[in-house]
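Chemist: Note that the working numbering gives residue 314 to position 314 of the sequence shown, counting from 1, and the numbers run on in steps of one.
Just to be clear, a hint being listed does not mean it is correct.
Unchecked claim - Okay, derived cross-link-like pairs now, DSBU-like style, lysine-lysine, Cα gap no bigger than 30 angstroms in a straight line:
no.	residue 1	residue 2
1	K277	K345
2	K361	K49
3	K379	K361
4	K345	K379
5	K327	K261
6	K361	K371
7	K299	K257
Unchecked claim - Restraint ranges, calculated between C-beta atoms of paired labels, are given here:
no.	residue 1	residue 2	range
8	F286	K42	29 to 35 angstroms
9	P138	A352	45 to 51 angstroms
10	G324	T290	18 to 24 angstroms
Source of the hints: derived by calculation from the structure; they are not laboratory data. Beta carbons are placed, not taken as given, at the ideal position from N, Cα and C, and that holds for glycine.
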Amino acid sequence: MKTVLMTALLISLAAFTSVNAQDDKPNWAEKFPNYELLGEKKVDFGADKDTIEVGAREGRYVSLMIGVIEGNLEMWDIKVTFGNDETYSPEIRAEFKQGERSRQIDLPGEARVIKEVTFKYKSKLKRGKATVKLFGKPADAGDKPGPDKGEWKDHLPRSDEGYQLLGERKVDFGADRDTIEVTASEGKFTAIVIGVVEGELEMWNIKVEFGNEESFSPELRASFDQKSRSRVIDLPGEARFIKKVTFAYKSKIGQGKATVKLFGRPAGVDVRYPNFKHLASRVVDFGKDTDVIIVGDSKGKFTAFMIEVENADLEMHEIVVTFGNGKQHEVKTRLEFNEGSRSRKVDFPGDARTVERIVFKYSTQGRKEGKATVNVYGKE
């Protein structure tokens with residue numbers, strides 16, 4: 001059994017991950033085999049507080065996960081009530097679009113019976129209903145490798161998840177403390193993940209030292225089986241250089257060696273679209289039918305782009321991309337967006353190139369007034 005012991009950390013909006021922006025009923029049971037559904041609640045957008053009753057269900061849980069379907073909402077003031085009437089309130093406030101779920105929320109102390117979970121919320125749509133689902137990870141769930149953990153070598157963060165390897169260290173089970181050095185050339189980072197292969201160990205007293213000599217110690221104690229990884233550890237403040245990460249540990253085997261790998265999420269990586277970089281946004285007025293998004297060639301070179309639409313539905317057509325050298329590329333497609341959805345990846349012809357602007361025509365779907373936000377992401 002993996003036991004993760006921690007106090008509350010601020011889980012920022014960046015800690016939330018979309019399962020599929022265009023799938024309002026994702027198959028979470030398949031994606032997260034370590035979790036089981038504890039309960040769900042259809043929430044009325046006319047209210048602002050609700051409770052999911054777990055009841056006298058047998059079993060103890062070490063972490064929770066929350067998912068939202070059939071609507072968009074903002075959630076805060078979450079309170080978990082345990083079977084012994086103690087409570088825990090993770091410091092969390094986040095916006096969910098339909099089909100999105102939270103990251104793992106670890107519970108303090110040992111595995112617990114859960115009585116209920118209460119939360120405050122508000123709708124971004126002002127009408128209708130959404131369904132909030134509560135999932136729990138049982139104490140004896142282990143770590144079955146599912147799609148969310150990455151069905152690939154060592155189950156460690158992949159580059160296509162937005163992470164890069166910062167360093168690794170083969171640790172000797174005769175020691176109890178070690179350090180992974182990171183060079184400033186690696187860049188600035190907003191989060192880290194720790195992975196272990198070739199051995200089993202327990203880790204605690206993790207200390208991250210930044211380039212400006214400041215440090216951060218997440219209150220984390222975790223047991224790693226071979227080929228396992230930690231949760232995402234968000235770094236405080238702005239993106240920053242990492243100088244080194246020091247940690248205390250002990251072996252669960254008693255002899256041999258294990259390799260500890262350190263991964264970082266670079267600044268500018270959108271956790272929803274880790275392969276893409278945000279280029280620009282434009283609020284479009286439904287009184288018009290043509291608009292321009294200025295990108296500028298200082299953003300870098302790209303091989304493809306993707307469009308996301310927020311706050312309204314619209315149909316986009318006659319898209320013309322102007323590159324940094326003045327040449328143009330007409331995208332021969334017609335894109336229909338529901339609020340909060342995104343397009344497929346649209347490839348550019350030839351090699352990677354800079355983008356100067358994108359011009360497009362559009363029409364609303366059933367609305368004659370209001371505004372929508374169009375976001376453009378580029379693949380480097």
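Chemist: Take the hints in turn and mark each one as holding or not.
Modeler: These are the hints, each one checked on the structure:
1. K277 to K345: holds, 13 angstroms
2. K361 to K49: violated, 41 angstroms
3. K379 to K361: holds, 23 angstroms
4. K345 to K379: holds, 9 angstroms
5. K327 to K261: Roughly 44 angstroms between the alpha carbons, so the hint for K327 and K261 is violated.
6. K361 to K371: holds, 15 angstroms
7. K299 to K257: violated, 43 angstroms
8. F286 to K42: 29 to 35 angstroms: holds, 31 angstroms
9. P138 to A352: 45 to 51 angstroms: 46 angstroms Cβ-Cβ, so the 45 to 51 angstroms window holds.
10. G324 to T290: 18 to 24 angstroms: With Cβ atoms ~22 angstroms apart, the hint holds.
The structure fails hints 2, 5, 7 (numbered hints given earlier, in ascending order).
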